[in-house]
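Those protein sequence lines, which keep their order, are chains S and A. Everything in the first sequence is counted per the working numbering, starting at 2 for the first residue and increasing by one. Everything in the second sequence is counted per the working numbering, starting at 69 for the first residue and increasing by one.
Do not take every clue at face value.
Said to hold, decoys possible - Only part of the chain S face toward chain A is listed, based on derived beta-carbon distances under 10 Å:
| id | residue |
| --- | --- |
| 1 | GLY71 |
| 2 | THR125 |
| 3 | ALA153 |
| 4 | PRO197 |
| 5 | ILE243 |
| 6 | ILE259 |
What the hints assert, rightly or not - Here are a few chain S residues that sit away from chain A, every Cβ distance over 12 Å (derived from the structure):
| id | residue |
| --- | --- |
| 7 | THR7 |
| 8 | GLY132 |
| 9 | GLN203 |
| 10 | GLU214 |
| 11 | ASP246 |
| 12 | LEU247 |
Hints were generated in silico from the structure; no laboratory data involved. All values derive from a computational prediction rather than experimental measurement. Every residue, glycine too, gets a C-beta built ideally from N, C-alpha and C.
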Amino acid sequence: MTPPWTRDEMMTVAAARMLWDGCVCFVGIGLPSAAANLARHTHAPDIVLVYESGTVGTRPDVLPLSIGDGELADTATAVVPLPEIFAYYLQGGRVDVGFLGAAQIDRFGNLNSTVIGDYARPKTRLPGAGGAPEIASSAGQVFVVLKQTPRAFVPRLDFVSSAGFLEGRGARARAGAAGAGPQAVITDLGILRPDPETEELQLVERFEDVTVERVVAATGWPLAVAPHVNVVAPPTGDELRILRDLQARTRAAHARAIRVPY
Amino acid sequence: MALLTLHDAVARYVEDGQTLALEGFTHLIPFAAGHEIIRQGRRDLHLVRMTPDLVYDQMIGAGCARALTFSWGGNPGVGSLHRLRDAVENGWPRPLEIVEHSHAGMAAAYTAGAANLPFGVLRGYIGTDLPRVNPQVKSVTCPYTGETIATVPALRPDVTILHAVQADRRGNVLLRGILGAQKEAAMAARRLVVTVEQVVDALDAPMNAVVLPGWLVTAVACVPGGAYPSYAQGCYARDNAFYLAWDEISRDRDRFRQWIDAHVLGTRDHAAFLRSLGVASTRDAMEVTR
Numbered sequence: 002m003t004p005p006w007t008r009d010e011m012m013t014v015a016a017a018r019m020l021w022d023g024c025v026c027f028v029g030i031g032l033p034s035a036a037a038n039l040a041r042h043t044h045a046p047d048i049v050l051v052y053e054s055g056t057v058g059t060r061p062d063v064l065p066l067s068i069g070d071g072e073l074a075d076t077a078t079a080v081v082p083l084p085e086i087f088a089y090y091l092q093g094g095r096v097d098v099g100f101l102g103a104a105q106i107d108r109f110g111n112l113n114s115t116v117i118g119d120y121a122r123p124k125t126r127l128p129g130a131g132g133a134p135e136i137a138s139s140a141g142q143v144f145v146v147l148k149q150t151p152r153a154f155v156p157r158l159d160f161v162s163s164a165g166f167l168e169g170r171g172a173r174a175r176a177g178a179a180g181a182g183p184q185a186v187i188t189d190l191g192i193l194r195p196d197p198e199t200e201e202l203q204l205v206e207r208f209e210d211v212t213v214e215r216v217v218a219a220t221g222w223p224l225a226v227a228p229h230v231n232v233v234a235p236p237t238g239d240e241l242r243i244l245r246d247l248q249a250r251t252r253a254a255h256a257r258a259i260r261v262p263y
Numbered sequence: 069m070a071l072l073t074l075h076d077a078v079a080r081y082v083e084d085g086q087t088l089a090l091e092g093f094t095h096l097i098p099f100a101a102g103h104e105i106i107r108q109g110r111r112d113l114h115l116v117r118m119t120p121d122l123v124y125d126q127m128i129g130a131g132c133a134r135a136l137t138f139s140w141g142g143n144p145g146v147g148s149l150h151r152l153r154d155a156v157e158n159g160w161p162r163p164l165e166i167v168e169h170s171h172a173g174m175a176a177a178y179t180a181g182a183a184n185l186p187f188g189v190l191r192g193y194i195g196t197d198l199p200r201v202n203p204q205v206k207s208v209t210c211p212y213t214g215e216t217i218a219t220v221p222a223l224r225p226d227v228t229i230l231h232a233v234q235a236d237r238r239g240n241v242l243l244r245g246i247l248g249a250q251k252e253a254a255m256a257a258r259r260l261v262v263t264v265e266q267v268v269d270a271l272d273a274p275m276n277a278v279v280l281p282g283w284l285v286t287a288v289a290c291v292p293g294g295a296y297p298s299y300a301q302g303c304y305a306r307d308n309a310f311y312l313a314w315d316e317i318s319r320d321r322d323r324f325r326q327w328i329d330a331h332v333l334g335t336r337d338h339a340a341f342l343r344s345l346g347v348a349s350t351r352d353a354m355e356v357t358r
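Kindly produce the complete structure, drawing on both the sequences and the hints.
Shown next, in the form of structure tokens:
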């Protein structure tokens with residue numbers, strides 16, 4: 002039977018639940034932004050959302066399309082220059098959670114958002130790293146959200162845009178990264194977390210209608226599976242309603258005609 | 069400071085082969101200036117921008133650029149910049165050399181340029197492949213702690229172009245809202261050209277507002293709506309529907325050429341550009357001086 006919610010919704014809800022009230026979260030655009038704002042509208046009203054555009058403590062009523070929509074500035078505690086966001090807030094160690102997406106991930110949570118194929122002669126040129134390299138290294142910890150397919154969960158990245166645990170077993174810390182790295186990968190099938198010793202990602206939770214075999218089959222390397230794989234609690238009525246309202250408001254706002262006075 | 073038309077400011081200060089930064093992070097992107105550079109047919113530019121955005125997608129697709137220094141090259145919230153991709157993947161309309169950074173790296177590079185330092189430092193690029201493909205990214209050993217710290221060479225654009233809400237008649241420029249690296253790019257440049265929504269007698273600037281003093285500004289041009297389809301806080305919102313529509317317009321070379329021909333090359337100035345897209349409203353209550 003098909004559950005009355007989509008995989009994207011399940012993924013967004015699972016990601017939102019990872020955030021705690023009062024945490025300082027450096028938010029990327031897209032699903033991370035939806036999840037962080039869902040958390041703010043549900044269990045974490047005092048979460049501090051920081052967007053790399055320089056908006057600190059922002060409380061948008063609709064989700065921004067871009068990382069720098071006016072809505073983010075209008076509802077922020079402070080709007081600071083971008084160099085300050087990266088130097089004082091992120092590098093200064095004031096961010097608890099960095100929230101990242103990517104095109105590819107490997108078993109140690111390293112991410113590629115730069116290029117598919119060879120860098121000089123790319124098959125697909127992707128937008129690039131943006132804020133991710135320093136978010137990945139400096140945030141207290143990192144949550145990654147990414148749909149789980151063998152094309153995205155690859156044995157070897159075409160390009161390392163931002164560091165997870167590098168080759169594992171302490172390589173990340175030895176490289177000088179300040180933060181604890183990718184402590185959770187939330188996919189549309191379940192949740193992966195690093196093994197404390199090897200730092201390799203392993204499946205620790207699955208969504209209700211998904212088998213462990215299906216998650217393994219959606220992974221491009223032999224996926225490690227925790228001895229006990231828990232089931233993620235399904236979205237509550239409130240979570241779904243609030244998320245859907247947020248997205249409906251967002252769609253209406255982004256379709257609104259703009260008039261430019263001149 | 070000279071108060072010029074945008075046409076004259078570009079004609080006078082933007083030359084083929086220059087290193088040019090049109091800054092503004094999502095907000096206050098100087099689209100009108102980018103379009104005027106396309107109209108005047110500038111070539112071989114080294115374009116610098118943290119987020120190339122649609123403005124550089126258009127300039128690259130129109131053949132203005134030989135090189136691009138950047139840190140994130142997508143259509144925010146939408147997907148790819150198809151003209152940038154076509155240039156990098158297929159060399160169309162001409163090959164594009166790319167110099168790729170992270171946001172933090174580029175911010176440090178502008179900050180160093182503004183401060184007349186040879187390089188910027190950051191705890192950056194750790195464990196990534198970016199230094200492998202961008203040999204400009206190097207490192208130093210901290211003389212106090214022995215730590216290894218990443219370095220990026222200072223960015224010093226020949227010309228930085230910004231859009232802002234207000235300038236006064238002496239060319240003092242008020243920046244407000246999301247700033248990105250506007251201030252740093254302005255201070256790093258040899259010349260600074262600013263387009264503004266309005267020229268006023270006195271800036272509406274509280275103490276500690278971000279004001280670029282007129283004696284740092286090479287030229288000001290009054291171009292209402294000059295950031296569209298980006299936005300100017302308090303004047304007009306970002307046209308997110310246009311950003312969504314650009315994905316389709318820019319995907320195909322012919323469709324892109326037709327759009328540029330109709331709306332940029334086929335219009336005399338920015339007011340005509342806005343009218344051609346049907347987004348220009350008649351003069352409203354805002355006090356606009358032209």
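Now the hints, each set against the structure:
1. GLY71: holds (6 Å)
2. THR125: Since the shortest Cβ distance to chain A is 8 Å, the answer is holds.
3. ALA153: violated (16 Å)
4. PRO197: violated (19 Å)
5. ILE243: Check failed: Cβ of ILE243/S comes no nearer than 21 Å to chain A, outside 10 Å.
6. ILE259: holds (4 Å)
7. THR7: holds (19 Å)
8. GLY132: GLY132/S not clear of chain A: closest Cβ-Cβ about 4 Å, inside 12 Å.
9. GLN203: holds (21 Å)
10. GLU214: GLU214/S clear of chain A: closest Cβ-Cβ about 32 Å, beyond 12 Å.
11. ASP246: Its Cβ never comes within 12 Å of chain A, the nearest being 19 Å, so this holds.
12. LEU247: The claim holds: LEU247/S sits with its nearest Cβ about 15 Å from chain A, beyond 12 Å.
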